[in-house]
Amino acid sequence: MTRTARLAALALAATTLAGCSLVGGGEQASSGHTVTLVTHDSWAVDKALWADFQKTSGITVKVSTNGDAGALTNKLVLTKANPIGDIAYGVDSTFASRALSGGVFAPYSSPDAGKGPQRYQIDDSHRLTAVDVGDVCLNVDTGWYAQHNLPAPSGYADLVDPRYKGQTVVEDPSTSSPGLAFLLGTVKQFGADKWPDFWTKLKANDVKVDAGWDEAYTQDFSGSSGKGPRPVVVSYASSPADEIGDDGKPRTKAVLNTCYRQVEYAGVLDGAKNPDDARKVLDFLISQKFQEQVPGSMYVYPSREGVALPDAWKTAAPLPDAPAQLPADQVDANREKWVQQCRTLLQG
Amino acid sequence: MALELQGLSVRYGSFAAVSDVDLSVADGEVVALLGPSGCGKSTLLRAVAGLERAAAGSIRWDGTDLAGVAVHRRDFGLVFQDGQLFPHRDVAANVAFGMRMHHVDKADRSARVDELLKLVGLEGYGERRVTELSGGEQQRVALARALAPKPRLLLLDEPLSALDRALREQLAVDLAALLRATGTTALVVTHDHDEAFTLADRVALMQAGRIRQVGPPDEVWRHPADDVVAGFLGCTTFVPARADRDLVTSSLGEIALPGSGNGTVLLGLRANALRTDPGGFVHGEVVQRLHRRDHARLLVQLSGDGVPSGPVEAVAPVAGAPEPGDAIRLALDADGIALTGLAV
Amino acid sequence: MSNAAPRLVLLLLALVPVGFLGLFFAWPVVSIVGIGLGGSGVTEVLTSGDTWRLVAFTLGQAAAATLVAVLMGMPLAYVMARCKLPGVGLVRTLILVPFVLPTVVVGLAFRSLLPDGGVLSIVLANAFFNVAVVARTVGGLWAHTDRRAEEAARSLGASRWRAFTSVVLPAIAPAVGSAAAVVFLFCATSFGVVLMLGGARYRTLETEIYLRTVDLFDLPGAAALSILQVVAVIAVLLVGAFARRRRETALKLRGRTETAKRPVGAEWIIVGAALLVVIALLVPIVGLITRSLTTMDGWRALAGTGDEGTLEVPAWQAASNSIRAATDATILAMLLGVTAAVVLSQLRRGRAVLGETLDLALMLPLGVSAVTVGFGYLVTLGDLPFDLRTSPLLVPFAQALVITPLIVRTVLPVLRAIDERLRQAAGTLGAGPFRVWREVDLALAWRSLIAAAGFGYVVALGEFGATSFLARPDAPTLPVAIARLISRPGELNNEMAYAACVVLMLVTVVAVVAIERLTPAVGEF
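Chains as they are written, first to last, in the working numbering: chain F, 1 to 348; chain L, 1 to 344; chain P, 1 to 525.
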């Protein structure tokens, strides 16, 4: 290259740099009506609806995602004195007690709370409002079992049956929230002192433990895109709705008597800079319009009553009737102990 | 006096590299700092350039103290042993560098570059890359670069010692001529006395951070201040003697030495202080013989009263030089004798 | 005295990186560790056998991965340094691609290659990331060591192997040591790979700190482990610093062309080994490209936001975010890194301890868990006049922390290799301190500055750990978007993720090619 060419390249580079900087791009100036919504990584919303809400309400909502439900809760507790936002969504029933005892949320009773969300109330002072409900259940690949002339597993007991040896993949309860829900489901099923026996047998039956839902579901499970080797996976009651075959029938099914319920809550943060608008955002989260797109965007069931589910859900992902759930205070008191116990057991 | 050092000391931690040095360089004068490696001469030069802090004493130029004057404002040129040319610039740009720093305009710069390259014998080398030059050429460019901004003082730090012998002698002569021709005031650091005597109007001998003697080359050569200086200037053997009206008498015989005066003196003998001479005063036996270009060098064990006890050096003509084991006679030669501890 | 002014300037310059490091690294980390130490259970963690098994496993897997990376990197270094063969330039470029691939992608690739790999797959994946560091660091020095020393040894009757062990190895040992220290650091603190490939069975200090901080909210335990990690990291850095010091004093550069030759005889065996390494590195990469090309849907989808709006913004916008964040991070890191390198290069004489301390402090961010820093931000940055905790600017700040040490590593050896007397010559010719810097340091080092910037840019583009922690959903970078696409159900999301990976690789290759065209191989990477 000649010297001139080099200089030209440098000049070009400098111009390009100036154009592609975050500082250069800048944040759009925010009006007084700005609310920061703190949530977990699974947050998703219909974009048109979300834009429409911000336009009609005049509130600019900045969304900040913060890991999974556990990480979100921990961050909220850590920043209680100087909250990182105005409203939080995504603290679930597993972690709610920690947030409540940490004094993270301020009381607020939304006008629409009586239209369904109230059913999942866990706090008498109305600091948390239920937005959606999800059930963690075993999912089985029905096609695989038809091919292998085996009845698909129908409950916890089958997982430790030698016939189903090496067929199950679960998530690590210490790193994955469905994994934790599954663990809590077994605690509920077998009792606080007997569940380790079940897990010992599960391990002996060659269960695979993955760090996260992604690997377990998309890589090791035979019924999803990854076409993995294992036909049983811990996933959601709603997952089969995404595995509809070309014939319109689901390829997988949730084992409904293994479901553990997780309710996701929203709440206005104590010490929020803009609590008034935060309340309006919370109202919107349980409004008819928002609730209608909850299944489609976040794969969970609406907390509001009388919201129609997508067609695929009606056939493939009905809401389980009697999912298991442990009392929040019991979960809060024992969560770490159980998780540690389970990890030790799996590692040993 | 252009440059004047008074009581100058430079320390590295507790080590005194330069101690209490007084030295001056007159306008247009070339002074050589001569001494063995590690004697502090380079440190002294660097202190003058402003690259080392003085722990005590002063450095003045035309009476102005330079203590607060930064390196780049001193107007002193510096030439390093290995040139230190800017590798990313061609010869002309190296030479022009200082002028660019002094905002000399481009046309004048280029004229001066040509002038200097001619002066150092590298006419037409302007566009060469400095990495393509030989060692001697690099030193010439370094010299041209240092001279280009017309420094009021040129500092040369072992300017020729990285070169091979033949080139060194040639370049020393060229450099001496160039310094005279341009009337440059210069301070040269060297460990080589030939180089120092070729270049300098005056020689300052340094030893262990101190200046032992300053004087014109001839005076320093013939009358070293003491045996240490004499030792550095090539005297290997010392013999006490008595002088009587410029006639010196010692265990090695008598010899006329102008300027020796009267009294007790110390003779410093260089390799050529004793020559084979059938009528010589001193007797000895050849221990070893080495051939040089134009003479034979002998190592001789002397015999007689009060003669040096170890073998001494002597020279013989190449033709018919004695063999080891031969008994020979030697005579003194004034050319090889330095007079120290001069009687007053 | 005349030296007083530059010394003051130097001190002020040093304040820039030190201040940034203090505000965006030391303060948050010390705060969050302090909160943890205030709780109970610290001593139990430190005295527990499990903890020490964890330390042993962490260091063990890192040592194994470092060994593999060195063994794989050496033939490549040899070929890059000593062989005049077509395609060597391409190899130099290609081996950088693994270094910038998002961990989540590499994790997936290795899981499909070695479904039940366990420790083996962790070690191999960590080595895969770091072969480039070894090859380029060692190759850089090797290319500039004098070939005649080996030839002399051979002429004295040494076998090829003896010539290598007795002449070549001692000459390049400092670079090997320095590269190994950096690789060890990367491997000991690698997060995504261990989490993904280790499952519930294999944990390292890094994943355990994450777990305890994020999932278990066991801050005392996390603090105890963080302290162990920092101690281990400092120990490794000291070893590396020692190796580097030997190297930089010994640096006697020769041009590459003088030492590169067409290989003869048994040298072809090494070329063959290098080829095998390249192929091994390419397997996961080619796998990714083929997967992305099985259908064009993923490519078409890049303009959109994925299945059911998985992403807040279209993938192309994530790419633009990546480019912008990496640009800011690079500018910031250049400011910090070059300032630090200038200060460090000037501090050599008599102030070695101070210099080494600053050097070490700059490397520390590589050895402290991103989650520790991230949680530290939460408890500290809210106290600043501008609450940066939810600002998009935090991403380039965190990326700058990661790439600044790499920039220092690249620029410092070059600045230190500049003979001080060259600066003095410029000074006596009338150049003031700043002019000297411009005319000598900058003029000689600008290529390595650009190389450092380009390399830092590429690393910032691929940075995942800290970025995923800090990026806002409406401003994801490409690696964060890829991870999100993979973590959500839907065939299209997967296809898009693979297409986006290929885009990321292409950007990397283009950036690296641009750097290579401009710059000779001096400096460490």
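The set of hints was computed from the structure by calculation and includes no laboratory data.
Hints are supplied without guarantee of correctness; some may be wrong.
Stated by the list, open to error - If you anchor each label on the Cβ, the simulated ranges turn out as follows: (1) L/Arg-53 with P/Leu-15: 19 to 29 angstroms; (2) F/Lys-47 with P/Leu-23: 33 to 43 angstroms; (3) P/Glu-151 with L/Gly-304: 50 to 60 angstroms; (4) P/Leu-8 with L/Ala-111: 33 to 43 angstroms; (5) P/Leu-37 with F/Gly-103: 45 to 55 angstroms; (6) F/Ala-192 with P/Pro-314: 47 to 57 angstroms; (7) P/Gly-38 with F/Ala-192: 39 to 49 angstroms; (8) P/Gly-49 with L/Arg-53: 54 to 64 angstroms; (9) P/Gly-157 with L/Ala-111: 56 to 66 angstroms; (10) L/Ser-134 with P/Thr-290: 56 to 66 angstroms; (11) P/Leu-85 with L/Gly-183: 34 to 44 angstroms.
Said to hold, decoys possible - Only part of the chain P face toward chain L is listed, based on derived beta-carbon distances under 7 angstroms: (12) Ala-153; (13) Ser-155; (14) Ala-235; (15) Leu-238; (16) Gly-427; (17) Thr-428; (18) Gly-430; (19) Ala-431; (20) Gly-432; (21) Leu-442; (22) Leu-444; (23) Arg-447.
Beta carbons are placed, not taken as given, at the ideal position from N, Cα and C, and that holds for glycine.
Verification of the hints:
no.: 1; hint: L/Arg-53 with P/Leu-15: 19 to 29 angstroms; verdict: holds, 24 angstroms
no.: 2; hint: F/Lys-47 with P/Leu-23: 33 to 43 angstroms; verdict: holds, 36 angstroms
no.: 3; hint: P/Glu-151 with L/Gly-304: 50 to 60 angstroms; verdict: holds, 57 angstroms
no.: 4; hint: P/Leu-8 with L/Ala-111: 33 to 43 angstroms; verdict: holds, 40 angstroms
no.: 5; hint: P/Leu-37 with F/Gly-103: 45 to 55 angstroms; verdict: violated, 23 angstroms
no.: 6; hint: F/Ala-192 with P/Pro-314: 47 to 57 angstroms; verdict: holds, 48 angstroms
no.: 7; hint: P/Gly-38 with F/Ala-192: 39 to 49 angstroms; verdict: violated, 31 angstroms
no.: 8; hint: P/Gly-49 with L/Arg-53: 54 to 64 angstroms; verdict: holds, 58 angstroms
no.: 9; hint: P/Gly-157 with L/Ala-111: 56 to 66 angstroms; verdict: holds, 59 angstroms
no.: 10; hint: L/Ser-134 with P/Thr-290: 56 to 66 angstroms; verdict: holds, 58 angstroms
no.: 11; hint: P/Leu-85 with L/Gly-183: 34 to 44 angstroms; verdict: violated, 59 angstroms
no.: 12; hint: Ala-153; verdict: violated, 27 angstroms
no.: 13; hint: Ser-155; verdict: violated, 25 angstroms
no.: 14; hint: Ala-235; verdict: violated, 31 angstroms
no.: 15; hint: Leu-238; verdict: violated, 25 angstroms
no.: 16; hint: Gly-427; verdict: holds, 4 angstroms
no.: 17; hint: Thr-428; verdict: holds, 4 angstroms
no.: 18; hint: Gly-430; verdict: holds, 3 angstroms
no.: 19; hint: Ala-431; verdict: holds, 5 angstroms
no.: 20; hint: Gly-432; verdict: holds, 5 angstroms
no.: 21; hint: Leu-442; verdict: violated, 10 angstroms
no.: 22; hint: Leu-444; verdict: holds, 6 angstroms
no.: 23; hint: Arg-447; verdict: violated, 10 angstroms
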